[in-house]
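Whole structure, please, built from the sequences with the hints as guidance.
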Amino acid sequence: MGVRLEKPWRPLTAANVAALAAELGVYQLADAEGRVVRIGYAGGRTLFGLRSELQAALAAGEAAKFRTEVTAQYLSRYEELLMVHAADHGALPPGNAADARRRMGRLSPG
Amino acid sequence: MDFEPSEEQALIVDQVRRFVREEIWPLEAKLDPDASRVEPEDQARLTAKTRAMGLYGLGIPPEFGGPEIDIVTQTLIAIETSQHRAGLYSPCFGAFGGAGLAQLYEANEDQKQRYLFPMLRGEKRGFFGLTEPSGGSDPARAIRTKAVRDGDDWVINGSKIFISGADGADFGIVFARTDAAQGRGGITCFIVDGDTPGFYVRRVVHTLRSGHYGTELQFEDARVPHANVLGEVNRGFAIANDRLTRQRIPYAAGCLGVAIRAQEMSIDYAKQRETFGAALSTRQAIQWMVVDNEIDIRTSRWAILAAACKAARGEPFRTEAAMAKLLASEGASRVVDRAIQIHGGYGVTKDLPLERWYREMRIRRIGEGPSEVQRIVMARDLFDQALY
Chain Z
0 MGVRLEKPWR PLTAANVAAL AAELGVYQLA DAEGRVVRIG YAGGRTLFGL
50 RSELQAALAA GEAAKFRTEV TAQYLSRYEE LLMVHAADHG ALPPGNAADA
100 RRRMGRLSPG
Chain V
0 MDFEPSEEQA LIVDQVRRFV REEIWPLEAK LDPDASRVEP EDQARLTAKT
50 RAMGLYGLGI PPEFGGPEID IVTQTLIAIE TSQHRAGLYS PCFGAFGGAG
100 LAQLYEANED QKQRYLFPML RGEKRGFFGL TEPSGGSDPA RAIRTKAVRD
150 GDDWVINGSK IFISGADGAD FGIVFARTDA AQGRGGITCF IVDGDTPGFY
200 VRRVVHTLRS GHYGTELQFE DARVPHANVL GEVNRGFAIA NDRLTRQRIP
250 YAAGCLGVAI RAQEMSIDYA KQRETFGAAL STRQAIQWMV VDNEIDIRTS
300 RWAILAAACK AARGEPFRTE AAMAKLLASE GASRVVDRAI QIHGGYGVTK
350 DLPLERWYRE MRIRRIGEGP SEVQRIVMAR DLFDQALY
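Just so you know, the protein sequences line up as chains Z and V, in that order.
Heads up, the first sequence is in numbering that gives the first Met the number 0, so the first residue is 0 and it goes up one at a time.
Heads up, the second sequence is in numbering that gives the first Met the number 0, so the first residue is 0 and it goes up one at a time.
Simulated from the structure, these hints should not be mistaken for laboratory data.
Computed from a prediction, not measured in an experiment: that's the story for all the values here.
Certain hints may be false.
[Claimed, not checked] Residues from chain Z shown here face chain V by an in silico Cβ test under 8 Å; the list is partial:
1. Val2
2. Arg44
3. Arg102
Note that CB positions come from ideal geometry on N, CA and C, so glycine has one too.
Listed below in structure tokens is the structure:
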């Protein structure tokens, strides 16, 4: 597993979301240009895992694209993706403003 | 020897137990099952309560502002504070504070001003950087990170792994080899600022413990001033070793607390759950599991309190601490495993804390020195050998 989530983007459509398994994991949402707008995770209290999370994002019209990674270590992976994004772009994605309220760690992933 | 708590200790334990049940359990019910932290406002609220209880900053010596609480009472408290889902690695989400990096109490005055006091005030955070990819159980030999003197500085090169909290820390205590010809006599302890050029937190190390991760560190010509040497040059191993010994008692107490809670859950469930027309608690197979749990719990408790009592008396307690750590981490692992068996399918769901404890307890048999190293420590003492 690389430090970055480098899977191909998929259109955030009802059909693509419905095809997702109800797994725990992390995801990224992007606009039409592929800029990450939010990083999230499907944790142990999510009703149908990644599918539920992405259904909510679709209903909210949050993004044009998404990609996911199934992992039981969703919390540490989520933190890692946030820190990598901050290292690469100098700030968290706009949809993760709430995370900036707490003290974030920093990575130098190289 | 009687390990029954005094009246004062019993009152404190009761107070802490109520805090866990009334403050932590309801809060945790709303969090992700793997969560290891709470929102900042909840953290502040919890800390305000422990301060009001006079129990904030356990482990901080009174001369540095900590409460006057002896190590035996601290151990009894530690047995209570781990009795919740995140309790093994985030007891009460840090509401009782902690000693932080206890090695800094031995720092010189300048270092205390720059690191210790800000840490105690909650303004700075530190990490403990000992383990390396080459090993963690034998730091005297495994440390390959090198520090070379260059004028008023030391230049550090190497890497560390499984280091908790380094990504969010303002500084760290880092052990590096300063004399290649010596074993434990060639290691020096440095205080490294988090913004030191050449110091990098490269990645999160994902483990069974999702909410509380370790990191991998890299040092590439990181220059640290000589003024940041903690203690004496080539005497860093003693600092690391002292920390490892002391830490084993609260580490064991945390394991025991989880085992106690898993046992409570098992007994409650066995009384309620029926199979083939009778409660599980009437089945001999279940009764024996519960009895075996109790044997593991009481054995661990006696060993932990024996170690704490010896430490409180100022006597050597290395063997007792190693025995407590071994018994508690292995015993609690068995207790949690049996508790899952008693709970059946529900035991492995995220609805209950047992599956999290099962994963995290596996790490406890390795962290702070694996069971095999605890046996080595005890064997050395029994054969009256010097550390080699």
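Going by Cβ atoms only, is Z/Arg44 closer than 8 Å to chain V? 6 Å, holds
Does the nearest C-beta of chain V fall within a distance shorter than 8 Å of the C-beta of Z/Val2? 5 Å, holds
Does the CB of Z/Arg102 sit less than 8 Å away from some CB of chain V? With a closest approach of 6 Å, the Z/Arg102 hint holds.
Violated hints for the displayed structure: none, as all numbered hints are satisfied.
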